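Okay, here's what each chain looks like letter by letter:
There are 2 protein chains.
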Amino acid sequence: ARKDGAALRRALAPWLAEDLAPHLADLPVEQLAMLFRVGPPELVATTFAYVPLEVQKRLLKLLSQDQAAELLNSLPPDDRTAFLNELPLDLAMQMLALLSPAERQVAQALLAYPEHSVGRMMTLDYVAVRPEWSVREALDYIREHGYDRETLNVIFVVDTSGRLIDDVRVRRLLLSPLDRPVRELLDGNYARLRPTDDREHALELFRQFDRVALPVTDESERLIGIITVDDMLDVAAEEATEDIQKLGGTEALDEPYLTITLGRIVRKRASWLVVLFFGEMLTATAMAYFEDEIAKAVVLALFVPLVISSGGNAGSQAATLVIRALALGEFHVRDWWRVMRRELAVGVLLGLVLGSIGFLRIALWSAVSDVYGPHWLGVAGTVGCALVGVVLWGSLTGSMLPLVLKRFGLDPATSSAPFVATLVDVTGLVIYFSVALVLLRGTLL
Amino acid sequence: ARKDGAALRRALAPWLAEDLAPHLADLPVEQLAMLFRVGPPELVATTFAYVPLEVQKRLLKLLSQDQAAELLNSLPPDDRTAFLNELPLDLAMQMLALLSPAERQVAQALLAYPEHSVGRMMTLDYVAVRPEWSVREALDYIREHGYDRETLNVIFVVDTSGRLIDDVRVRRLLLSPLDRPVRELLDGNYARLRPTDDREHALELFRQFDRVALPVTDESERLIGIITVDDMLDVAAEEATEDIQKLGGTEALDEPYLTITLGRIVRKRASWLVVLFFGEMLTATAMAYFEDEIAKAVVLALFVPLVISSGGNAGSQAATLVIRALALGEFHVRDWWRVMRRELAVGVLLGLVLGSIGFLRIALWSAVSDVYGPHWLGVAGTVGCALVGVVLWGSLTGSMLPLVLKRFGLDPATSSAPFVATLVDVTGLVIYFSVALVLLRGTLL
Chain D
1 ARKDGAALRR
11 ALAPWLAEDL
21 APHLADLPVE
31 QLAMLFRVGP
41 PELVATTFAY
51 VPLEVQKRLL
61 KLLSQDQAAE
71 LLNSLPPDDR
81 TAFLNELPLD
91 LAMQMLALLS
101 PAERQVAQAL
111 LAYPEHSVGR
121 MMTLDYVAVR
131 PEWSVREALD
141 YIREHGYDRE
151 TLNVIFVVDT
161 SGRLIDDVRV
171 RRLLLSPLDR
181 PVRELLDGNY
191 ARLRPTDDRE
201 HALELFRQFD
211 RVALPVTDES
221 ERLIGIITVD
231 DMLDVAAEEA
241 TEDIQKLGGT
251 EALDEPYLTI
261 TLGRIVRKRA
271 SWLVVLFFGE
281 MLTATAMAYF
291 EDEIAKAVVL
301 ALFVPLVISS
311 GGNAGSQAAT
321 LVIRALALGE
331 FHVRDWWRVM
341 RRELAVGVLL
351 GLVLGSIGFL
361 RIALWSAVSD
371 VYGPHWLGVA
381 GTVGCALVGV
391 VLWGSLTGSM
401 LPLVLKRFGL
411 DPATSSAPFV
421 ATLVDVTGLV
431 IYFSVALVLL
441 RGTLL
Chain G
446 ARKDGAALRR
456 ALAPWLAEDL
466 APHLADLPVE
476 QLAMLFRVGP
486 PELVATTFAY
496 VPLEVQKRLL
506 KLLSQDQAAE
516 LLNSLPPDDR
526 TAFLNELPLD
536 LAMQMLALLS
546 PAERQVAQAL
556 LAYPEHSVGR
566 MMTLDYVAVR
576 PEWSVREALD
586 YIREHGYDRE
596 TLNVIFVVDT
606 SGRLIDDVRV
616 RRLLLSPLDR
626 PVRELLDGNY
636 ARLRPTDDRE
646 HALELFRQFD
656 RVALPVTDES
666 ERLIGIITVD
676 DMLDVAAEEA
686 TEDIQKLGGT
696 EALDEPYLTI
706 TLGRIVRKRA
716 SWLVVLFFGE
726 MLTATAMAYF
736 EDEIAKAVVL
746 ALFVPLVISS
756 GGNAGSQAAT
766 LVIRALALGE
776 FHVRDWWRVM
786 RRELAVGVLL
796 GLVLGSIGFL
806 RIALWSAVSD
816 VYGPHWLGVA
826 GTVGCALVGV
836 VLWGSLTGSM
846 LPLVLKRFGL
856 DPATSSAPFV
866 ATLVDVTGLV
876 IYFSVALVLL
886 RGTLL
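Protein chains in written order, with this note's numbering: chain D, 1 to 445; chain G, 446 to 890.
None of these hints come from the bench; they were simulated from the model. All of these numbers come straight from a predicted model, not from anything done at the bench. Treat each hint with caution, since some may be false.
As the list claims (entries may be wrong) - Straight line, CA to CA, 20 Å or less: simulated EDC-like cross-link-like pairs of lysine to aspartate or glutamate: (1) D:Lys296 - G:Glu738; (2) G:Lys502 - D:Glu239; (3) G:Lys713 - D:Glu293; (4) D:Lys296 - G:Glu736; (5) G:Lys741 - D:Glu293; (6) D:Lys57 - G:Glu645; (7) G:Lys851 - G:Asp663.
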């Protein structure tokens, strides 16, 4: 094994760990364990970060305690936080015990930040230089201390007490005369995050400023870590997943669909399904209220699903568009009137389209059969008018609900397609039968 | 004005264009126009890329033809492509005419790639060095030619005919002895894109390899451009928006909600709404088929919305989870059996939960009132059993439909919550009334 190890190390020597790691991470777990026992520590640590969680866990079990300790100690702090965060508490504690006192302190400090906060994603592998240094001194310092990944696109400038003065792109250093002081390259213009900021805020800043790394500072503006753009692509994907799952009427799974336990997925789906079911029970109440009308004119019952689902569909469209626009910052809650005016117009037009189709469908059918009875014209008129009302109402409800939720500090994505459909189903029934009572009085009712 | 211009240029001198631009882009359009008339060309071009499309258009109208031409010629090619792409064809042609012959050729070549392709997002501002150069020569070359943004984190190594040999991080150059040849820094390991690749493919590669820039090569492996990670954050947001809008049962808007014209938003929403309406018409047909049963037992009609919407909700959950898991690559179409097995279990459990609640609700109500008549137990049993069947059926339909769509090369996100709900509504009615025919024969029916 020792000979294999030496050969492996020779074969790996010309590669940069961060280039090789994504490829190695696809190896079967046994081969990974072998690599991890003999491979260079930096490569091992970088590769570990690319391995999926399930494999990471099995891998650590295949290593000796010493090997596991060495690996955990050499992991970049942000990757280690991400890994420990996914473990059950007891296992996480065992892992923390394997760390050296210094690394344990770092890990505990990062884990103390709330989930989905910037602090949890920080890495400490940044390069900080002093403003009075020359460009040459700064580049020499980087050449000596820049062995960590993720750091070298942006350099941070701090004062003697560690307070952030500015960030400066490596490009700026490279393009400047070597004897110029770093101070003269600064523009005093930087964006910074707090460790307690939500990671969505970080995502916004990255999108706005096109940076590859942003500094994180504490209350006294001391530089305590950085966030890098490669983590932001993962954040963007996770945040979109959460929103999409909520829009589908389920709690965010936070785990892959195929590996989440049956108990957990049922709980996450049942909670919303039961809430919606209780809401939908009101349709039975509403229908019972119009039971006499249904008994007199059974033909009315035939169009109940058609009418109420059209309102639900229009509402689901409006809710989805408004939720996404809110997430992208296209408008704010205070712009509700512009949204409502828009949905008033759209809702009327969409209602007229569906109402006309519904009217024509019943009229045409009645021309060739008598399935809708002698008062088909009244029925067609009722369905047509009810559709205009229900689609308009659905569009308004669907567009306003996310704004109301956001106004009260709730997540707008909670107003999912099924949630809006349920709301609109109940009110849609009332609209439909009220129209019927007006239009069909004296004929069918 | 000339004095103002000189003062402005002096004030702006210490800033790096890419740091200042995001802030300047928020200025009112008149001040922007003033800045654009006198500001340094690089700053003007960078700022223009950060300005929203509507403001970009107004800005160009405020500039003289010469000023507009200078601006367009100095825009980075990828930002120019993005801008021209959003213009109506006639306006885009006018803009193309303002370009110098060389820039026009570049712009036309980029615009010839399909929308949402890698070619449309390419930038040409990369630095390519030769393998036989020393690190010192490479760094000197960068210092001389690296004045463009977005380029300096990764350097590309090409042979005499421009074929890509490898990419190398600037970090690697900075950490190496100055007299070492570039050739010895190479690991022969790089990912590359084709200009015709879909931008989603680029997003996957960036996510997988944690790069800040990836090279684009033609069929003979010649380097023709690069893609940078900052554009990927925008791609991730746009792709998520498309998926979310489709899931909500509307065509992707491709424009902000508040600025898209009324005609366009109505067309995009009406198309799907009408399709769903035609589908939902089948509920009226199904209901008509059971008209005699409804006439005999009006109480059955009361629970129609409750039963069918529960199936739709369960189906919308399943569809959303499967669509997102497919988009994240968690599983593939060939894993359909694992998904179906999972939904069988989840569907039965969720159905039992809702079925029990439905049964109890009717039973309890009947204990205090006679709204459901003497045969309430049969009605409660019918609703309970139908709910189990409908929720299970909804879960199966919702989970399989995206897989079927994907299998036939269609976008799985087409199986939106409203689409699945419509499918399940029709079949849910058949399930409900069939259960009723079995359980209530001899009593109500």
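Okay, the hints, checked on the actual structure:
1. Restraint check for Lys296 (chain D) and Glu738 (chain G): satisfied, since their Cα atoms lie roughly 14 Å apart, inside the 20 Å limit.
2. Taking the CA atoms of Lys502 (chain G) and Glu239 (chain D), the gap is about 32 Å. The hint is violated against a cut of 20 Å.
3. The straight-line distance between the Cα atoms of Lys713 (chain G) and Glu293 (chain D) is roughly 37 Å, outside the 20 Å bound, and the hint therefore fails.
4. Restraint check for Lys296 (chain D) and Glu736 (chain G): satisfied, since their Cα atoms lie roughly 13 Å apart, inside the 20 Å limit.
5. Between Lys741 (chain G) and Glu293 (chain D) the CA atoms are separated by roughly 14 Å; this keeps the pair inside 20 Å, and the hint holds.
6. For the given pair, Lys57 (chain D) sits about 30 Å from Glu645 (chain G) by alpha-carbon distance, which is inconsistent with the 20 Å threshold.
7. Restraint check: the Cα-Cα separation between Lys851 (chain G) and Asp663 (chain G) comes to about 29 Å, which exceeds 20 Å; the hinted pair is violated.
This entry does not satisfy hints 2, 3, 6 and 7, going by the numbered hints stated previously.
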